[in-house]
Structure formats: structure tokens, C-alpha cells
Amino acid sequence: MIRLAIALAALAALAVVPMFVSEYELGLMIGMATYVALASAWALFSGHTRYISLATVAFYGTGAYTVAVLNETLPYPVVILCAGLIGAAMALLVGLSTLRLSGIYFVIFTFGLAELVRQLITWYEVTITGTLGRYIFLDLSARDIYWQMLALVAIAIGLTAWINRSRLGLALRAIGDDEVVAAHSGIHLARTKLFAFTISATLITLVGAVASPRWVYVEPLIVFNPTVSFLTVIMALLGGANRLWGPLVGAIPLFLLFEWLSVNFPDTYPIFLGLMFIAVVFVLPNGLLAGFDDLRARFGRTKP
Amino acid sequence: MTTLVLGLVLGGTYALLALGLTLQYGIARIMNLAYGEVTLLAAFVLVFLFQTAGLPPLFSILLIGPAGYLAGWLLYTVMMRPLVQRSQGIPGKLEVDSILATFGLLFVLQGIMLVLFGANFTSISYLDQGVDVFGVSVALNRLIAFAICLVAGLSLVVLLARSRWGLILRAVALTPGSAPLVGIDVNKVSRQGFALGTALASIGGASVAMYQTFSANDGVVFTMKALIIVIMGGVGNVAGALAAGFALGLVETFVATTFDPGLTLAATFTIFLAVLIWRPQGLFGRRQ
Amino acid sequence: MTLLKVDKAARNFGGLKAVDQVSFEMESGTIMGLLGPNGSGKTTLLNLISGFLAPSSGKIIFNGQNLAGARVDKIARAGIARTFQLVRILPSLTLLENVMLPAVFGHQAHWGKEADRVAREALEKTGLGDRAGAHAGDLNYIDQKRLELARALAAEPELLLLDEWLAGLNPTELQEGIRLISSLSGSGITIIMVEHIMEAVRALCPRCAVMNAGKLIADGETSQVLSDKSVIAAYLGDAEDA
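Chain order of the listed sequences is W, V and F. Numbering (the numbering used here) for the first sequence: 1 to 304. Numbering (the numbering used here) for the second sequence: 1001 to 1288. Numbering (the numbering used here) for the third sequence: 2001 to 2242.
Next comes chain W alone, as it looks inside the complex (with noise of 0.2 Å):
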């Protein structure tokens, strides 16, 4: 309870930090959430299965470029509810076709996926449609998206949070340990996964719709940038992609880093995120949260 009222707390202080700080800071503040929000719902699913998607900008970038597509047709509530409803179709179609299977499939129709999805937009814009560039002009103030961001960010881990206490959560780590017992104690492999890895989507594909209109101008090569499945996948595992906050605690610092790298060294930050992301494959495969704990229950063995 205490732990709720914390967060609850904590949630309300960054509501309200907008009235504090400047246009860059907001912005800055933005693309933070952005990516806590892509963590936890990625972790949602990979952190607990070890089923490792990689097609996190896949689902991002279709959530982008839906509201590219709608936002002069459609209100905007509508226009979001179509990019969560196109982001769990697509989320089906790849679950029913790989989650059946061994991981290692999954694992690589994800790999191939946002390509897949750029590609087949790409072709579509210019054979069909013939406007291969989109303009997103909605009245949606800086804050406005920060708002719903934060709110993203708060469905995400608290969803992850009900369901670490629920049947399901219970079913994913079994699931992640060893699939045939899970199966000999009655889980449903095929249903249980599929169902976790939609929610995941689906959140992924708003975080991406909501953090469209940033853009103004959209063209499948800018909201499918690889870097994006690259940056959800490294802080989940910095932080600890099987805890609740890790994704948070992994997000935070490596995406100022990120702000950091990307200005200083614009042509070398893929050689040094790679690098990171190898060094924390090595040293940290848990993750920080889990090395914290390992740290504390050694002090703990050593004290008298």
C-alpha cells in the first residue's frame, strides 16, 4: 500500500512539473516517458517469457503513421483507438504465427518485422497512394502529449504490476523458466503468450501514435528508425527486464546518455550504444536491479 501511495505521489510531482521547466527540459521530459513507457511494455512480455522481440519500432512506427494517415480524417480519440486496434491485429497475426513455435522464431519474424512493415508502407505510398511524406497538423500542445504520455507510463507499469500479482504473471514466468513444465500443469502456452504479447503491442503502437504529432512531417524511413527496438531492448535489460521499476530505472539514465551521445558524436553513438548493449549482455545480464539485490544479500551474508 505504502508502495502505491509512493508512486501515486511520485505520478502527481510529474504532472505537474511542466508548469517548471523550459521548452527543452519538457521536451527533454518527453522523450523520457516515451521510452519508460516502451520498456515497461516491452518487459511486460519479453521480461518475464525471455521471448525477445525485437520488432519494438514495428509496432511504434505503425502507431505514427496511423495518426500520419488519419489525423485530418478522423477526431483524435478516434484516431488513437484505430492505432491500438491496428497495433493488436498486427500483434495477432505475428503471435498466432510464431508463438505456437520455439522461440527462436518469434525471435526472428520480429527481427525482420519492421522492415517488413516499412517496406510494404513505403511500396504502398508510392504505387498506390502516391504521397510517400505525411504532414500531422493537430492542435496538441507540448504538454498535451506529455500528459498522455505520463499516463501511458502509468498504464504500462501498473498494468505489468496487476499482472505480476495475477494468474497470468504467475503463468509468464513458468512460461519463461521451462515451457514443458508449464504446459504439464495446465497452461495454456499458445493463449497465454499471445495475450500478453498484444497488450504489449498494442501499448507500444499508442506510445508511438501519441508521440506522432512531435514529428510534423512523417515519412516511413523517420518513424521506423531501428534505433528505437535497439534503445526499448537495452534498458529493459540494463534495468532488469523481469522487475517491475527496471525498465524505468534502465530507461532513465540510458536515454540521457543517448541525448548526449547523439549530439556529440552524431556519425559514432550506433558503435558506442552497441558496445553498451554487448557490456551489459556480459556484466549485466540480470540487470542493475538484480545486481543490486545480489550486492546486498552478499553485505547481508557478511555481517555477523
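Among the hints, erroneous ones may be present.
What the hints assert, rightly or not - EDC-like cross-link-like pairs, simulated, lysine to aspartate or glutamate; straight-line CA separation at most 16 Å:
id, chain 1, residue 1, chain 2, residue 2
1, V, Lys1093, W, Asp177
2, V, Lys1093, W, Glu179
3, F, Lys2074, W, Glu179
4, F, Lys2125, F, Glu2176
5, V, Lys1093, W, Asp178
6, F, Lys2005, F, Asp2219
Derived from the structure by calculation, the hints contain no laboratory data. All values derive from a computational prediction rather than experimental measurement.
Let chain W serve as the given structure and place chains V and F on it in line with the hints.
Same frame as chain W, now just chains V and F:
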């Protein structure tokens, strides 16, 4: 007919690419997502050698192949071996770890290539006069690339099937648990398998550079196609990878000429989906 | 009442007949030993019954329903639980959570306090009751086996498949294990136990079935089966090889 000839020629390259990956996954159990990047790197090196040192590509390929083997050998020792040791006895852990680690490697290599060679499209003009094959005019460089891939691919098949080294490689691929019991050093063989896969990727990439335009961002697509071919052919199944590679080349050429070149990846994915749903162990793989 | 009827079950791997036209019936509440030399298909047969593998042909009728080829979780929910030859536990969960799984997802579908109670009872039965909160990843081999059995019990199964559960136990543990299985059988659970330890088989199983090279070569009263010539030949080879 045009489609058939061009498709087979393209398929030869794909088959070789897939072979390298199937070796890395089948023998070393490494799911290498940076595979396409290695291929591209070889392609860039070939172009670089051609443009700056004037080295004829065919000669460069003779250098690039062994260089690729060495690079793979080093990569395995430095990066993969610690992961292998860490995941001893835990099923599936090496796959997850290698996917993550090579995902990071992908970004590192892509970043290096972007810095060194830029994001522009690159190509060289070499031996591109047409040659008549069954009434279809095919560029000589494509034919040479096809020949190289064919030679490399068949050599590998023969090597695996007939030689002692090949037997050892296959033993580790099939039963890594029992191989040590007959005196096989699994670590050494895994490294060899991985390095061999890298060598094949390099040869494939260098061959492609002779006739294809490419850029530093193409890595993911190469990897994706190689992955799909490996799965279609059945993991670890060399003959299957070859056959699937040719099949993919044919389908892609067909789609590109009949419908639209922008839909080739979509066509590949559709086939992938179909194979996953219908026969997830691959067209030729064994059901476990 | 016939709980389980295996009717000409077969499983092929390419040309290999791992299970070859095996048929037998079991009344509920009985316990049967499943014997045979290594590679005779015993574990494969268990895999067919638990759903891990689908039979190439034949029927597996449980409580009147043909479960051949059904999905593993569906078969589990029908009331069949098992242990594995190579122990499989979930290392990142606690003992209690490990055992709670079938209580929650099995055919009784408990949740909350009820699931907790069922899980703790199962842990008590196998002697792990005082360590419910410990991490399963820290357990030694014997305790892992106990955990696996506790997990199977928490499913409150009608049919329990034990795959060499007594293997690797020292004499004291073996006696404890035999007592445990005996009490389970006494409480009405139908049990098929794959075993090599003849002492346990003689103590626990009034009936035995023997497999060799995929075929069922004997099925009947234990002492008769164990002195059957073909059974002895299967284990030791024919008289001329001796």
C-alpha cells in the same frame, strides 16, 4: 525463362549466405543477427580494394575468404566463447544470449561501416557485359558470382559429407553432448564451424559486391533472408539450405519482375509465414 | 472402473518404432510398474500419455475420453500429472510458486488462499513444507526431485506418471520414497511407475508391464512377470549369450 535463369543465379548467392548461417547455428549454436553486417563488410572491403588498390575482385575474394575465417575465429574466441561457457547446461540460454549479443554487434558493425563508408549506395562496374545463357542475357559478373557460390557451396557439401573434418563438424552439430565422448573438442569445433560460416558470409558478400548496389543499411535484410532460408531448409540441413536458397531466389525474381521490386521482402516474409504455419521444422528438417 | 485404456498406441520416429502397438488397461486406484531395458520405449510411452508426444496411431482413453494427440495442458487438466526422468523445476520461482502452478492451472483451478493451501499440503507430503519460500534454483538434486513430486501432487491428479523417480536415492531416501509412493497409492491415486529398482517394484507394484524394443512383452502379476523367460531374456540376453 528469364525469371528462371536470373532467379537461379540470385538463388545461388542466397544459398551460400544461408549456408554460412546454418553452419554458425547448427554447429556453434550461435544465432548470429549480425550476419548480414559481416556480409556487407566483406562487400565494402572488396569495393575498397578495387577502387583504391585496383585489385581485381576475383583476386580479392581469394583474400577475403580466409580473412573472413580468421575474423570469425577471433569473434568466436572473444565474444561467443564466454557466452557459451555461461550457458552450459541451461537449455535455450545460449540462443537468447547470442541473439542479444549479436544484436548489439549488429549496431557496432553497422556504425563502423557508416562511419568508414558512409550511408550512400555503393557499386562497382566490373565485367558487366552480357552473356547468353539459354537465350537470356545475363551479366558476366552475376554468372561469375553464381559460379563462385556454386563452387563454395558444393565444396562445403562435399567437405561435410566426405572428409574427416566434415564428419567431426556434423557430429558436433547433431549431438554436442556425446561428441566429447569420442574425443571431439566441442569448443574447438564450434569455433571452426563459426569461422567457416563467417568465411562463407564473406565470400557471399564479396561476390554480391561485384554486381549489386548496396549500402551500409542493408545488413538487416541480408540477415533476414539468410535466417528465413535457414529455417525453410531446416536448421543445420545443408542440402535444405541450398535448395531453399535457390527457391527464394526464384520467388524473389518472379515477384520483382511480375509485380514490383518493392515487394520482394514482403514475398519472402509471406513464404516464411506459410512455412512456419505449415511445416515449422522446415521443408527438409526433421521433426524433433 | 477403467481409468486408462491404452489401445494399440504406437509412435514412430522415421523408421524407428519407439512404441509398437502397446495396449493395456488400468483400473482406478491401482499401481503398475513399467519395466524394461534402456531404450525400450517406456519414457516414450509416458510421453504419449502425458501429451508431450502425439502417437503415430492408436488411442489413449482416459475417463472415457480419447486424449491421443491432445494438447499437453488439456491432458494435464483432465487429471494426469507426471515427473520427468531428468528433473525439471522452475529455478526462478520459489518452491511454493513451483508447486502452486498445477493447483492454479490444473483442473481444480484454485486461486489465492485455496491454491496456497493445496500447494503447502503437497510440499508437506514430500518433506519440503518448511522451505516454501526458498528459491527453487538453490535446491540440491534430491530436493529437486521432491519438489517435482510435490508439484505433481498439487495437481490433485487421478493418474500419476512417475519416470524413474526413485533413481539416484540412497538407501534411507529410497525407503522414504517407497513409503511416500505407497501412501499416495493408498489414497486412491492411480500410478504408473517406470522403474529399474526391483526392490521398489516388488514392494509397491502388485502388477507389472514390461516393454522391450517398443513392444509390450509381459503384463501381469509382478512375481510371475519377473520370472517370465522373455522378460529375463530382454534384460540379460538369451541363454546362449550368458
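For each hint, the structure was consulted:
1. A distance of roughly 10 Å separates the Cα atoms of Lys1093(V) and Asp177(W); the hinted pair therefore holds under the 16 Å criterion.
2. A distance of roughly 14 Å separates the Cα atoms of Lys1093(V) and Glu179(W); the hinted pair therefore holds under the 16 Å criterion.
3. The hinted pair formed by Lys2074(F) and Glu179(W) meets the criterion: a straight-line CA distance of about 14 Å does not exceed 16 Å.
4. Proposed proximity of Lys2125(F) and Glu2176(F) is supported: the alpha carbons are some 11 Å apart, at most 16 Å.
5. Note on Lys1093(V) and Asp178(W): the hinted pairing holds, with a Cα-Cα distance of about 11 Å set against a maximum of 16 Å.
6. Proximity of Lys2005(F) to Asp2219(F) is assessed by CA-CA distance (about 14 Å); at most 16 Å being required, the pair is judged to hold.
Comparing the model with each earlier hint shows no violations; every hint is respected.
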